[in-house]
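> Sequence:
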Amino acid sequence: MILIPMILTEFILLGFKLNQERAKEKVIIAILSIIKRKRNSFRNFNFGTTDNEQEITKRHQNGASGLSTENVKTIKFIVREFGKGVLEKIISGADLLQLLEERSWLSAERVERLSELLQTIGRHDLDNKVQMYADSAISRNLSNHGYYGIYGMQINENYVETSMYKKIVDHLQRHNTVIMKGPPGTWKSQHAFRYAHYFSEEKSTDKSLIWRVDCNTDLSIFNSFSHLMNFLKIQCVNSKNRITESIEVMLSRALDALANDKYKESKHLFILLGFTSTSLPKETIQTLLQGMKAHTNIFVIATVSESLSSDFNPNVIEMRGMLEKEAIDFLHVPNTTSREKAKVLAKKLSYLPTGLLFARTFMQTTQISIELYLKNLETITNGTTDDSSTKACQLLIQRAETKMSREERKLLHYLPYMNTDNIPVLFLKYLLPRFLIDDSKNVLINNFLKTLRNHSLISIKGVDDSRVVAAHSFTLMILKSSETKEKKTEYLNILLDFFVSYLDLDARLLEVIHRNVLFLDHAEAFLSNVDIEFESQSRDIKAKLCYLYTAIGITYRLYGNTELSAAVYLSKAKNTVYKSILGCNSFQCNKTENSYDIIEEYLNGSEALRKHCKDIFPKLLSNSNELSKMFINNFVENKCRSSRSISLLCKYSDIDIENVNNNQLSGVEVDHLRSKNLIMDAEHIAETFYIELLIRILYNESKNTWLVEMSKDEFSAGKRTLMKRLSSAYFPVTP
1 MILIPMILTE
11 FILLGFKLNQ
21 ERAKEKVIIA
31 ILSIIKRKRN
41 SFRNFNFGTT
51 DNEQEITKRH
61 QNGASGLSTE
71 NVKTIKFIVR
81 EFGKGVLEKI
91 ISGADLLQLL
101 EERSWLSAER
111 VERLSELLQT
121 IGRHDLDNKV
131 QMYADSAISR
141 NLSNHGYYGI
151 YGMQINENYV
161 ETSMYKKIVD
171 HLQRHNTVIM
181 KGPPGTWKSQ
191 HAFRYAHYFS
201 EEKSTDKSLI
211 WRVDCNTDLS
221 IFNSFSHLMN
231 FLKIQCVNSK
241 NRITESIEVM
251 LSRALDALAN
261 DKYKESKHLF
271 ILLGFTSTSL
281 PKETIQTLLQ
291 GMKAHTNIFV
301 IATVSESLSS
311 DFNPNVIEMR
321 GMLEKEAIDF
331 LHVPNTTSRE
341 KAKVLAKKLS
351 YLPTGLLFAR
361 TFMQTTQISI
371 ELYLKNLETI
381 TNGTTDDSST
391 KACQLLIQRA
401 ETKMSREERK
411 LLHYLPYMNT
421 DNIPVLFLKY
431 LLPRFLIDDS
441 KNVLINNFLK
451 TLRNHSLISI
461 KGVDDSRVVA
471 AHSFTLMILK
481 SSETKEKKTE
491 YLNILLDFFV
501 SYLDLDARLL
511 EVIHRNVLFL
521 DHAEAFLSNV
531 DIEFESQSRD
541 IKAKLCYLYT
551 AIGITYRLYG
561 NTELSAAVYL
571 SKAKNTVYKS
581 ILGCNSFQCN
591 KTENSYDIIE
601 EYLNGSEALR
611 KHCKDIFPKL
621 LSNSNELSKM
631 FINNFVENKC
641 RSSRSISLLC
651 KYSDIDIENV
661 NNNQLSGVEV
671 DHLRSKNLIM
681 DAEHIAETFY
691 IELLIRILYN
701 ESKNTWLVEM
711 SKDEFSAGKR
721 TLMKRLSSAY
731 FPVTP
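Here the sequence shown stands for residues 1 to 735, where the numbers follow this note's numbering.
It is worth saying that the hints were derived from the structure and are not from the lab.
Hints are supplied without guarantee of correctness; some may be wrong.
[To be verified] With a straight-line cut-off of 25 Å between C-alpha atoms, the simulated BS3-like cross-links for lysine-lysine are: (1) 375 x 347; (2) 325 x 267; (3) 542 x 619.
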């Protein structure tokens, strides 16, 4: 952090025009503006790029030395509320900067208030600097994207409140906690989301929190709580590099925050979706439920498909279908004769809301009678189940597909491999062929969404490119199960190529980190399908998977409060190289037990490590040469590059940038760039592919491990301040 006296003085003088209440904001903007102006110097300071605490302290002191004696004296006057005894100890710029950090005067938490203040006094030049800082604070802006809040809880437009919903609400208001247990299709999540919207409308203050936690895996829970930590501006939450322990720490800190003066007078709602005892330890489930249940101002809704511990039985509501009258009314039958047939249909569908919705929608869109619908239901053959709700869903999907073009049907069959609750329309557009112009893509997307919505298969929120689609997991589970193994493999390969093209390893640019984060949840959902079949994949497929693991790990490393998620994916990437490419179980990277005797040994590194590197590099070269030329060429052509990279390539190759679509190069453009020696030939790219990838993996894993160690709960007060300075929620990551 390099502080320039002349620049800082400009801000110091402003302090005399402001009253004492505004002094803190003035000091913050002084520091932040200088950070932004000197971002190239700052880049090396960010995210643990120093190897130890002494090095960081040295950089800190060198930067603070830019403050002159007069600068320090002036700022001490502005912050005189700290007291004479404290300020007498402040001699140098380093002392002053440390004091400001300890008193939490240097943070991103006051950006909005600061912006308003600067606009009020007419200092729009400084306000612009604040906005630049706010725009580049990655974790602070991207972690609160709404998926975990009320915005991500979409309700199907055909949803109706049933007797089961009223029972849930009554129980929740008396006991604060309810656990909905039942099979798919009983509207567990829809009832939970409906109550969340009711809670949002009825909440007494803006301080009320509504938060969603996906509980299908411990990593999903960890990610949700990591976002919550960013939302509540809580830092340093990891514990001994163990996800389960970190969840407990984050839960404890979140509950402590909601119990403090700022939040304790408000009511809060947590929705815990998809608990399964097979994927989560019993202790984790008990920790979450019991921890939240102990607070009277916190309401909890949990959904499960199987029994949990008997300790929670008093809070369990067994989910069943609608009442017979509710089901018949829901089917909208026109006359008494039809009502009798409706009773038969409702019983056949076990009165399940989802099955009844499929049946009603099909009859409305085709204008057929209940009698004919019952006959159609009988003709559906399903080798795996006789469940009528499943057959009703298949009928509806088949009907919807008849209204779609070839490209739209492809999009439909990609959906089961995504995060089905949060699909941005922009993401769907990226999946369409490159040769389509924007107008054609808009027409296809609009027709696709209209068809799905008319058939009650999705719900949509937002407008234009900001629209977000939510599809019921039960529907997409049935769609996926109807596919042949060959078709599933085809879709997985297409999506793998897509994610490899659009997720970048260099996520420092704001444009790139935004795109990576947009695709992050969907890439993880996709990988949960691919991992099962990993061992049977070709060498090219393994290279793509290794690249994707690395991209996700790097994105999480820069994300803020997600170091353990980064560790999971960087570890997967490393293990892929070791087991599938090098044919070994681990990489011997520890130095010898003997300490270094001379400086040359220290600089050259461990002799054992250097010998091991000499062994693995030829193996990496050999395996890289076995990558197909088609894979490398497709990788180069389909790669979505940053606007800056495209601009430079076009500038030095005389390519018209207007001809480059979607920041991706055509085969002709790649050949032209190769003729200008701006892109290597395929064989040379292949030769170093694994070497460069492993370097990226090891570098980022090393820095991520350092952050994990720094963020343990056992660190001292001094290290706590240091970690706060390095957190991505406080500083930008753009170069």
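> Compare the structure with the hints numbered earlier in the document and write down the numbers of the violated ones, lowest to highest.
2
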